[in-house]
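K.L.:
Given the coordinates of chain A, work out where chain B should sit on it, guided by the hints.
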Amino acid sequence: NAGVTQTPKFQVLKTGQSMTLQCAQDMNHNSMYWYRQDPGMGLRLIYYSASEGTTDKGEVPNGYNVSRLNKREFSLRLESAAPSQTSVYFCASTLGGGSNYGYTFGSGTRLTVV
Amino acid sequence: QKEVEQDPGPLSVPEGAIVSLNCTYSNSAFQYFMWYRQYSRKGPELLMYTYSSGNKEDGRFTAQVDKSSKYISLFIRDSQPSDSATYLCAIWHTGFQKLVFGTGTRLLVSP
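Residue numbers (my numbering), protein chains in the order written: chain A, 1245 to 1358; chain B, 17 to 127.
So here's chain A without its partners, still in its complex pose (with noise of 0.2 angstroms):
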């Protein structure tokens, strides 16, 4: 039982190249998120899919797109990496559904926009 799988761990990415994030988790969940978190801010969310088919904006959703491949895979794409993007980046799900057991979290992908 994986839970959530997050690749890669860490990358270092120049200015204006472009990457994907990838998330997959293996406990049937509905909803998926994806997080940013900076010393000081805290968690802040991006993107989330609240169930296969449909995405939504977060509170910083500029410069990421999303992609629900299916109901196991939610990816996130920087087009042209900044280094704001300097981050590190969380996956999480949950059942959804109205459900509210909390969330499972990745391990995280540890970026850097040089």
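Since the hints were derived computationally from the structure, they do not count as laboratory data.
Predicted model, so just to flag it, every value in this text is computed and none were measured.
Here a beta-carbon is modelled for each residue, glycine too, at the ideal position from N, C-alpha and C.
Treat the hints with care, since some could be wrong.
Said to hold, decoys possible - Some chain B residues near chain A, calculated using beta-carbon distances under 7 angstroms: (1) P60; (2) F117; (3) T119.
Stated by the list, open to error - Mimicking EDC-like on lysine to aspartate or glutamate, the simulated pairs with C-alpha atoms at most 20 angstroms apart in a straight line are: (4) A:K1258 x A:E1323; (5) A:K1301 x B:E19; (6) B:K58 x B:D99; (7) B:K18 x A:E1317; (8) B:K58 x A:D1282; (9) A:K1301 x A:E1323; (10) A:K1301 x A:E1317; (11) B:K18 x A:D1282; (12) A:K1253 x B:D23.
P.N.:
Then chain B, alone, in the frame of chain A:
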């Protein structure tokens, strides 16, 4: 004003101390209250979950909710160095169907 306020710390205590971590919130639509623990370079993990006002105990951990004051607490008894981590409160917003997190309190327990 943030919807969930939490003192960032760090909070430093000696081993064996009782630790009190706190959050305040502003929205009455918040109903489910959680505490997450995050070790350095790891993802947050769910520690405690409660719905109603009052206390919920799990081993050395007690979660307390006071809905009338919009105040939640996590108490750790007999704190251990292994409790050193960042603790985040999280509250379920029934209107938006998602969790709202505090910024986290960093706890350091020294041997």
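K.L.:
Now tell me, hint by hint, if it's right for this structure.
P.N.:
Hints, one by one, checked against the model:
For B:P60, the shortest C-beta to C-beta distance to chain A is roughly 5 angstroms, which falls under 7 angstroms, so the interface hint holds. The criterion of a C-beta within 7 angstroms of any C-beta in chain A is met by B:F117, whose closest approach is roughly 5 angstroms, and the hint holds. Restraint check, B:T119 versus chain A: the minimum CB separation of about 3 angstroms is within 7 angstroms; hint holds. A threshold of 20 angstroms between alpha carbons decides the hint, and for A:K1258 with A:E1323 the separation of about 12 angstroms falls inside it, so the pair holds.
Proposed proximity of A:K1301 and B:E19 is supported: the alpha carbons are some 18 angstroms apart, at most 20 angstroms. Taking the CA atoms of B:K58 and B:D99, the gap is about 14 angstroms. The hint holds against a cut of 20 angstroms. Distance check on the hinted pair: B:K18 and A:E1317 sit about 31 angstroms apart at the alpha-carbon level, beyond 20 angstroms; violated. With a CA separation close to 14 angstroms, the supplied pair B:K58 and A:D1282 stays within the 20 angstroms bound.
Straight-line distance between C-alpha atoms of A:K1301 and A:E1323 comes to about 16 angstroms, which keeps the hinted pair within the 20 angstroms bound. Under the criterion of a C-alpha separation no larger than 20 angstroms, the hint pairing A:K1301 with A:E1317 is consistent with the structure, at around 17 angstroms. For the given pair, B:K18 sits about 16 angstroms from A:D1282 by alpha-carbon distance, which is consistent with the 20 angstroms threshold. Of the pairs offered as hints, the one joining A:K1253 and B:D23 is violated, with about 29 angstroms between alpha carbons and a cut-off of 20 angstroms exceeded.
In the structure shown, a violation is registered for the earlier hints numbered 7 and 12, in ascending order.
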